[in-house]
Amino acid sequence: MQTLWYLSEADTRWACGRIDSVEIVRATLTSRSPRPPAGGRAGGLIVLVDPGCVMAATPVAEVRSAAVTVASAQALLCQPVITVGVVGAGEAAVANVELLASTLTGVAGIAVYDPDAELAERMRDRTADLLWRHGVRLSLTESAREAVLGADLVVAALGGAVGAIEHSWLSPGAVVVDLSTDGVLPCVVHEADLLLVDDWSLVTGVLGRMRAAGELDAEGAGLGDVLAGAHPGRRDPEAVILVCPYGPAVLDVALATEACRAALLDRRGIALPT
-5 MQTLWYLSEA DTRWACGRID SVEIVRATLT SRSPRPPAGG RAGGLIVLVD
45 PGCVMAATPV AEVRSAAVTV ASAQALLCQP VITVGVVGAG EAAVANVELL
95 ASTLTGVAGI AVYDPDAELA ERMRDRTADL LWRHGVRLSL TESAREAVLG
145 ADLVVAALGG AVGAIEHSWL SPGAVVVDLS TDGVLPCVVH EADLLLVDDW
195 SLVTGVLGRM RAAGELDAEG AGLGDVLAGA HPGRRDPEAV ILVCPYGPAV
245 LDVALATEAC RAALLDRRGI ALPT
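All residue numbers for the sequence shown refer to the numbering used here, where the first residue is -5 and numbers rise by one.
Just so you know, these hints were derived from the structure itself, not from any lab. Be a bit skeptical, because a hint or two may be false.
[What the hints assert, rightly or not] Here are the in silico distance ranges between beta carbons for each label pair:
| # | residue 1 | residue 2 | range |
| --- | --- | --- | --- |
| 1 | Leu124 | Glu209 | 21 to 27 Å |
| 2 | Ala243 | Gly153 | 18 to 24 Å |
| 3 | Arg203 | Ala224 | 35 to 41 Å |
| 4 | Ser96 | Leu134 | 29 to 35 Å |
| 5 | Ala243 | Ala207 | 23 to 29 Å |
| 6 | Arg203 | Glu115 | 43 to 49 Å |
On a predicted model such as this, the values are computed, not experimentally measured, just so you know. Quick reminder that beta carbons are idealized off the backbone N, C-alpha and C, glycines included.
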């Protein structure tokens, strides 16, 4: 009988840091995985079939959001040296800052805003050593506008914030990744030169309301189409591109599967009675 393992949130977070999350996301979105891993999400947990494992979903979701951001930047930005604006300083934002700094070459600086100034300061302190090692400067701003102005890559990661980012703040050629589902105003959606959504069945937030009002058609390309070469992605160096990843479960399961294997190789986890 197959052993069923349990990974705590700490072990899950450790394991997520030992996998190539960007490559896993890229392979999953482009369907290059020979066989999709079996499993699903339920009640804050991810349950896997092979290997049999129950693990915390939150760390996996955080690393998935960061991996999608990096994959978006690699596929859609056209300049070698970039600045990043991050709205939000929670765990997902921290994961994004760390993965961007350690994976994406050419990051010159990251500007961060969160209405909770103490949370933003904790992010700065937590990421200071990693950013220093990679030569990336992080600055805290006093407004979302200040963080976004001049940024080549914009990450909306402020949970619960409705319409934090305006189109007039965006630079020509900017790539915006809305991880919060409600991080941008409708004007950003309307005026974006390209909107990428991989799974319209999962759409909520600003896109969901605009779709319900008949302002959007559930058609078009997703990031996976760009990564697979089925869509050209950027056509104009000054085009503003909006990426709305709504966390398809297949990404979380693929990442969790590799994270679980990494944890078990390190003899982490608890064998559950069956």
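So, going through the hints one by one against the coordinates:
no.	hint	result
1	Leu124 x Glu209: 21 to 27 Å	violated, 41 Å
2	Ala243 x Gly153: 18 to 24 Å	holds, 19 Å
3	Arg203 x Ala224: 35 to 41 Å	violated, 28 Å
4	Ser96 x Leu134: 29 to 35 Å	violated, 20 Å
5	Ala243 x Ala207: 23 to 29 Å	holds, 27 Å
6	Arg203 x Glu115: 43 to 49 Å	violated, 33 Å
Hint compliance for this structure: hints 1, 3, 4, 6 are broken, all remaining hints hold.
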